[in-house]
Structure formats: structure tokens, C-alpha cells
Amino acid sequence: MSQIITLSAAELAAALRAGEVTSVEAVQAHLDRIAAVDDAESGVHAFLHINAEEALAVASEVDAIRAAGGAEAQALHPLAGVPIAVKDLIVTKGQPTTAGSAMLKGWMSPYDATVIEKIRAAKLPILGKTNLDEFAQGSSTEHSAYGNTRNPWDLNRIPGGSGGGSAAAVAAFEAPLALGTDTGGSIRQPGAVTGTVGAKPTYGAVSRYGAIAMASSLDQIGPVTRTVLDSALLQELIGGHDPKDSTSLPEPVPALSDAARLGAAGDLTGVRVGVIDELGGEGYEEGVKARFEESLELLKARGAEIVTVSCPHFKYALSAYYLIMPSEMSSNLAKFDGVRYGQRVLPESGPVTIERVMGATRAAGFGDEVKRRIILGTYALSAGYYDAYYGSAQKVRTLIQRDFEAAFQSADVLVSPTSPTVAFELGAKIDDPLAMYLNDIATIPANLAGVPGISVPGGLSEGLPVGIQFLAPAHEDARMYRVAAALEAALEQQWGHPLLAEAQDLESAVAAAKEGKN
Amino acid sequence: MSTEATVDFDEALTRYDPALGFEVHIELNTKTKMFSDAPNEFGDLANTNVTPVDLGLPGTLPVVNGKAIEYSIKLGLALNCSIAESCRFARKNYFYPDNPKNFQTSQYDEPIAFEGWLDIELESGRVIHVEIERAHMEEDAGKLTHLGGADGRIQGAQTSLVDYNRAGVPLVEIVTKPILGVGADAPELGRRYVSAIRDIVKALDVSDARMERGNVRCDANVSLMPKGSTTLGTRSETKNVNSLRSIERAVRHEIERHAAILDAGESVVQETRHWHEDTRTTSSGRPKSDADDYRYFPEPDLVPVVTSRERVEEIRATLPELPAARRARLQVDWGFSDEEFRDIVNAGLLEAIEETVAAGATPAAARKWWMGEISRLAKDTEKEATELGILPADVVEIEGLIAGKKINDKIAKKVLTAVAAGEGRPGQIVEAKGLAVVSDDGPLLAAIEDAMAGAPDVVEKIKAGKVAAIGALIGPVMKATRGQADAGRVRELVLQKLGVQG
Amino acid sequence: MSAISRDDVAHLAELAHIAMSDEELERMAGELDSIVDAIASVSEVAGENIPATSHPIPLQNVFRDDVVGQTLTQEEALQNAPDAQDGRFKVPAILDED
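Chains as they are written, first to last, in the numbering used here: chain V, 52 to 569; chain R, 542 to 1043; chain A, 3 to 100.
Simulated from the structure, these hints should not be mistaken for laboratory data.
Do not rely on the hints blindly, as some may be mistaken.
Dumping the calculated EDC-like pairs for lysine to aspartate or glutamate here, alpha-carbon to alpha-carbon at most 20 Å [said to hold, decoys possible]: (1) R:Lys572 to A:Asp67; (2) V:Lys366 to A:Glu46; (3) A:Lys92 to R:Glu753.
Computed from a prediction, not measured in an experiment: that's the story for all the values here.
From just these sequences and the hints, can you work out the full model?
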């Protein structure tokens, strides 16, 4: 395995600047790694589309600018030339965007998402598009119309979801950076179960324009990386106000990477870390709880004050989420009807009217989980049920925000396990939607309240990664990066290496899996 | 189209009281659409005035056009509405191929303007106070063309084509409260209410207000209740009645149709009706029932619109003079009686007369020509008075010619006919046709002498002081000069010749 | 308690324009019933005087200037259309022939 691919984005960027490696070499090394481990049948299968030609073209452009030197080279973005993978929920010109759905098979967007415009302007080569649960609906990436993604730590296990592709790509060293989207934990939970870092910024900190909407009031694009600093750097790049997104924050992007560096180097004296009473205990695996307790000790050792906070309404968060999310989603996905784009399917029998074509198209184009949630959302919004369901859920949202406000009176950041369990085996929960939904129990409150959250690797339980989640008040993403970087530094100091160094030899594992299939 | 039974209108009103309701959609004339920066333009190549937002492409988001908000507030104020301190958008969910997201971004429980009114004056002078429940913002849908059916109608069409150029055009929907107690004036009220709204949006310049282009569209709700009852009957909603005349006819037709149903002891179906101008009847559309479930919820992609009281007053201060105020002012300025003024308004000649006065005519003269000869010409040619090609400046010019004694009233009528025939402006016509009154006293004196010679008894009478007898000479002089003599001048010359004091 | 019947699902599927077989309707009714049971608790705590939150971060008055921007060409607009004719999207008959 090439040493280039094990570098963090910040390290690779430094190496590119120093001329120790070229962007073309970096892109090629990642393409080689993808070729070695990403087989759809038995490999990680993080990618749905590989954008080799364009990525190499952008890389050589960056190399040429660097080689020429001068003002243009000076003006290059710090991450220029560092390759990135993009969750296939985010639209890109020149590459298909499927949202993991048969509905959008072959769809080519005529426009770029705002985050993609920023990435292109900064000249990060886009390696390709990563797998996800269909329309980001799921917690295991098993609900993709294009086959599941596998966890690089154990190819028989799920990589989390919905952004399992982005997390697995980063964990498998197929990309140093990736973009994810997080509606109820789709960046953080895959981060937790793949031993990577994933951050959901404050709602509105990153433009949603061009992210195919799941639940508009919950969705947020964010970074998927191997280090806290890399996440901070990537959020700085993609963040900021966008006039195309009415819900995007008007304020400038805070100095997130400075905060991450401060956290990694300094101590946490005077920082109050609140342990959320309701996120732990029953339903959380012993190994998860053990790693969590150890993390608290390390934070304390760095000078943090550990306090306990109570968020009594968090127990209603999952219910509120599973009303608000499907309601908004049922409306957001109504546009997929076979009229303007996407697949059109004719009814098998009977008259061919547009109503019946829409019905057949949506029956064939959507998978079971998407249909289930559309029907649930349609129910929650329908006349006679609105007040009891959608209306009540919006009120619970207020109560959860109040819980956060109260908790942030006594704590600067909050901490919890990211996910109650480590990665489960493929297929284990596919037929039990309710069990699947419980994976997001610790991540959902942040989406409901709009506050930022990050998951950092907290060690292993039975050989599989455990994630630690930090939450900060809205607009205080920098504070979250600082404390997360402090824990990351403390843990790596203790381990003597990053957690991913303990992952299996993936190329051998994939080869063996291939062998096993043959 | 419809073979449904009807009852004679007057007879229907002996047994039933109609209740009306109107939903008027106004397309705003902003430069861009409600939620995207695509041009808000009519008639361009299909699917070119669209951005990814207007096609409802995956990942796109709406952004509110600030100008559309300002226009909506203006319109709300002109309708005497309260302006919401805070309001928001909602999604109205329904599938239809002209609806690119399969939800329409609209306003539901929080309209930008609410609780207004308009006083509508009828031809009889009766004033109806129409209460307005709300005026809310929403977006227009795309345009469907139906192929394979008769006359491009949806019925029987095999396929339809969709152009999304109109999708997202900003609309304000103005909804009245039920209008009761209008009786036989119901059809006229419909026409005049929509006409009043059209005049208001024109005056505000927030819409092009061209009904034939769909800038102003009206849905008319009609129900009947038996005389003496206070419970509203079941209503029908006649969609997209797109001319003032059609609104009047559609309301009349629905009253006649409902009456027949109720007379037969049956129940009116609550449904959408389609108006057919050719047969002047309605036909059944989609039945509307509680099954319609639009699943409204607050639009999560848009944030609330908050309007401070200061902002409302700031906008109120920019309102131009509204039609009702303008009418009141003009009537006073011109010194016309209520009846004279109402006749002008009813004839649709207020603008023409106002422009004529502005161009230099006296109000009395402007009224005299427009309400008199020009209206007669219009009637003869079955045109609108304002469509004859006679300009306000022409009327002023004619008045000038008369004052300068170049022509008289009789010739002026000929000139107007020639102007309407496209023969030129009044001065040119008088010149070209030699219509100027004879002011050269030579030919006139000859004609006078001839006339006096032919009527010595009259001459004697005049000499004896009966000056009024001159009238008997004027006829022959006019005849001799083919009407081009100035009667006043003839009188002067006769008196002068006979040495009599006038 | 069976909150969601097969007929309810059939009605919801119609509203959502998703064709479903009888078997699917049955299965979906069962699944939804248990999901709704599990999440119905929200109404327990949603008191009268608690305001609803529709946006997590309160913003207001985000407006765009009324200035024309970049539009798609007709070709771009139609590039993904399943069917098109005369520069327009083409769809089958809109109403059932009764």
C-alpha cells in the first residue's frame, strides 16, 4: 500500500506544497487503491462512479500551477490537489448522480451543488461518487439500489449509513476526504462504525443547494475524514453563506482549523464537558460504554471538567424524528414522477394515463424503505392526523431545543457515544425497521435542534470501532472541533498511532473474499 | 357541451338567494419568478425561461423574490387588508404534471395580507361592500398543451406537452368572504369586482393585468339558498373564467343551473366546473371533496417573512392614487353630477375623458364628444369607443377648430367619422376635404344676397326689428354653401347689410 | 390497537402516487402500524402552549433581488426527459377515460 494514501489531507497538502509528491501521483495512488479494494462483488464497494479522467486532469492542472510558481501558485487553496470523494446525494456536472436509487439511474445533473462549485474552485480532484442508502434513508447503506457497501474493518459488516460509502472510502484509504450529508446521523454514525471522523456542522453552516433533499429542516452537508483537523479544514472550504440556500447562515465561516490545532496542542482546563444522562445506559453495548468512560477520563486528564446534564425530552427525539423526517421527505421526493427526469415506468396493464405512469414509476423506482417512509410521512401530514403527529413532533422539537439550551448553561460541549453499538453484520436488521432506526438514537437530537456534532474514533470493542460524539451550541462549531481534537490527540498519544492503523490488511481481505466467492 | 337543465334567471331569484365567492389570481409583473431568478416572461420559446429550480431538479432550493413581497404588500394595502407582521410559506402537496415539484409553494394558515374589503359600485348606483378574507402569495404552474383531443381540450387527449416557462411565476390569490344579499345583481357584481381588482393592480403597476393572457384569472364560487334561509348552500367553483363578460355569464349560468337542480329536489354537487365561452355553459370537472388532502406543512426551505409596521407605512406611502379615490377626485374636479359621472364610468370612458382633459379640452367638451358622437359611432360600428382610432388629441383638435370657427359641430361629426375611418387627424381631414366653414365673406355675401332676394318678406321683417327672422335666411345660405357657412357670421353680415342693430 | 389499516395504506399510496399490490398493502399496513405505535408518544408531551419549531435555526426575511440570472437552454432542460416533443416534456393522457 502506497504511503501517500495513509497521509491525512493536511499532511498530503503539506507534501504537495513542499513538492514531495504531485497531485497526479496522489490521485493515481488513490485510484490504484480503489482498484485494489473497491470491488462491488466482494470488496468495500464504496464508490458508485469513479471519475478518474477528470480527477487526473484537475490534479495535473494543480501540478502545473505549482510547477510554474508565482502568484497563481501562491493563490492556490491550501487543499488544492488533495483528492476528495463525494456522496452520491450531491449533484455534480459531468458525473451521474443517483442518490442510490434506481429512480435516478443515469441521471446527469445540468448544474453543480454549491459545495461542488467550491471544491472545483479550490481545485480538489473529485475521485468519484460514493454509495449510500437510497435517498439517504437508512443506517447501514444496505438500502442502496446499487448493492451494499462493506465495512473495511470487517467485510461482513455494515459501514453505517446512510453515508456508508463516504465513511468506508475514507476508512479504506481510498480517499483522504469525502463529503457526506447528515439528516439524523448519516455522517456521524458511519464515522463511528468505520473508525473515521465525521462532522455535522450547525444547520445552515454549509449550503444545501445541490444536496438532494431528504428532510430539508434536518439535512446538512459535512466533512468525512480521518482526522479532526481535516474535517475542520474541509468545513472551512465548503462552509459559508450561499444566496441559493435561504436557510444558510449569514455569518462568515469561523476559524475551525485553528480551533482544531488549539485543541490538539493545548489542554482543556476550564472546559466543561457535559455527559448527557439520557444517551447511555440501556441499549448501549458494554464495549461502547467502556470506551466512552475511558474517553471521559482522558478529557479529565487534559483538564476538562466533566459534568452530568439531563435532557429529559431526548427520549422523544427518535419519535419526533420519525415523524418530521418522513413528512418532509414524502414531499421532497414527490418530484420523482417520471415526467422531467429519471426513470419512467409504464403500468404493466390497464390504461396508460399519467397518473398510472407516475404510480408505476414510483413503485418501480423506489425501494421498500423509501416507500415505507413516504407512506408514513403522507400519513403524518394528512388531514386529521397533522396535529397529533407532525404538529406534535414540531413541538417536541422545541422541547429538545430547550433541553439543549439548559444543558449548555452548565456545559460548554456535550458528549455521548455516537452509536449504541459497533457495526453489525450485513442483513442483521434489514427486516426490522424499528431496530434499524435505533442506531440513530444518539445522533438525532442534534439534527432536530440544528446544533453541530462530530464523531471521533474512541477505540475498539471486539475489534470494531466505537465513536465518541461531541455536540456544541449552534454556531459554536469551533468549540466542538477544539474538544474533539483534544480527545483525538489524547487517544492517539495513548495508542501510539491512529486507530485505523489497527484495521485489517484490506487488500488481503478483499483478495481472500474474492477467492472465497470464486 | 352541457345539456343540464336551467331555470330562467329572474324566476330563479324569486325562490333563491345567491351567495358568491371569488378567488382571483394575479400574476405579478416582477422581472423574475417567485422563487428563482428565471425571467418572468410571456411567450418565449418553451422551456427556456427556466432554471434548475423551476424544473424541480433534484437538489434545488427556492429563494424568495423580495420584489414580489413588496408587490404583494402593496396589493394587500390597496385591498384595505391588514399586513401580517410575520407570515410564512407552506407546501401544498398534489401531483400534476404541470407542477414541477408536485407541491406548490403557497401560503396556508399565514397569508401576507388578510381582512380587507372593496366597495363595488354597480350600474344602478348600488354599492356592494365585498369583504376580502385574504390575499396570499404562491407560484404559478407550467402550461399544458393537450394533443389528440378535440380543440386542445384535456378530454380525449392522448398525450400532453408541458412547458415550464410559466412555472414559478409569482401569483397573489385574493379570496373573498361569502358575498350575500346581492340578489339579481350577482352576475354584474362578479364582473365589476374582477374589473375593480384589475384596475387596482394596473394602477399599482404590480401586474400587466391582461386577462386574455391569464395575468388575471378568476374562479367564481356560486351557491344558492332558499329565500329566507341563512344556511349557505353547496357551492360550485367555476375555474378560470377569463374575461369580464364571461364572469358575468358564468355566475348567471350557475345560478340558473343550481336553481334547476334544487327545484328538482336534488343536491348540488360540490365540484369544480369548467366554463365554455362558446356555449356559455359550464361542465363538470374534478369532483372536489374531503378526499382532497393537500397535506399542507410549513415550507422548510424558506424562512418567515417579517414585515415591520414601519415597513408597511413606508410601502403605503408609495401607493399611487387608487381607482376609487381617483374617481372621487375627478368627479369633483370636473363638476359632473353623480349620474353623469356614473354614465362615464359605465361606458368605460373615464380614461379617455381624463386623457382628453389632460390634453387640453374642457371636461364638458371631452364628455360631450366621447359620450355623444364618438359613442354613437362606436355603437354603429359595433366597436368600443376607445377602439375607433379616435385619440384624445383628436377631440382637443376638433374643439380648437370649432373655437377658431374653422368648423361647426355638424362638420365636426363628419371629421370624427373620417378620423375613425383612418383618414388622418382632424386638421388634415378638414384641409384635405375642404370642410372648413366659409369664412371668406365674398362667396358668403353672394349666397346671402341670393337668399335675401328670394325672401323679400323676411328682409322686411328684419328691417322692422324682428331679428329672429334671420333664421329663415340661414337655411338657404347653408344649402348654398353645402353647410360650410358659419351661422354666426351669416347673422352678422345680414344685420350689417340691412343696417340693423343685433 | 390497529391504527393503520390496509385501506388506509391504499389511500395513502394513492395520495403518494405509488402503485402497490395487495400483498404490499398488507405488509406495509403491518409495518406502519408498529412504527406508528412506537412513535405516537410525541403527542404525550406536546402541550397546548408549546410553540412548534419548523426551522432549527431562526432566520427571517431572506430575499433575492429581482434580477434575472442564468437560465438553462431548452436542450439542457430536456436533456434528462423520459420523453419530449416540440421542446416540451411529453406525458401520457392526463385523465382516465371514463
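What hints, given by number in increasing order, does this structure fail?
-> Hint 3 alone not satisfied by this model.
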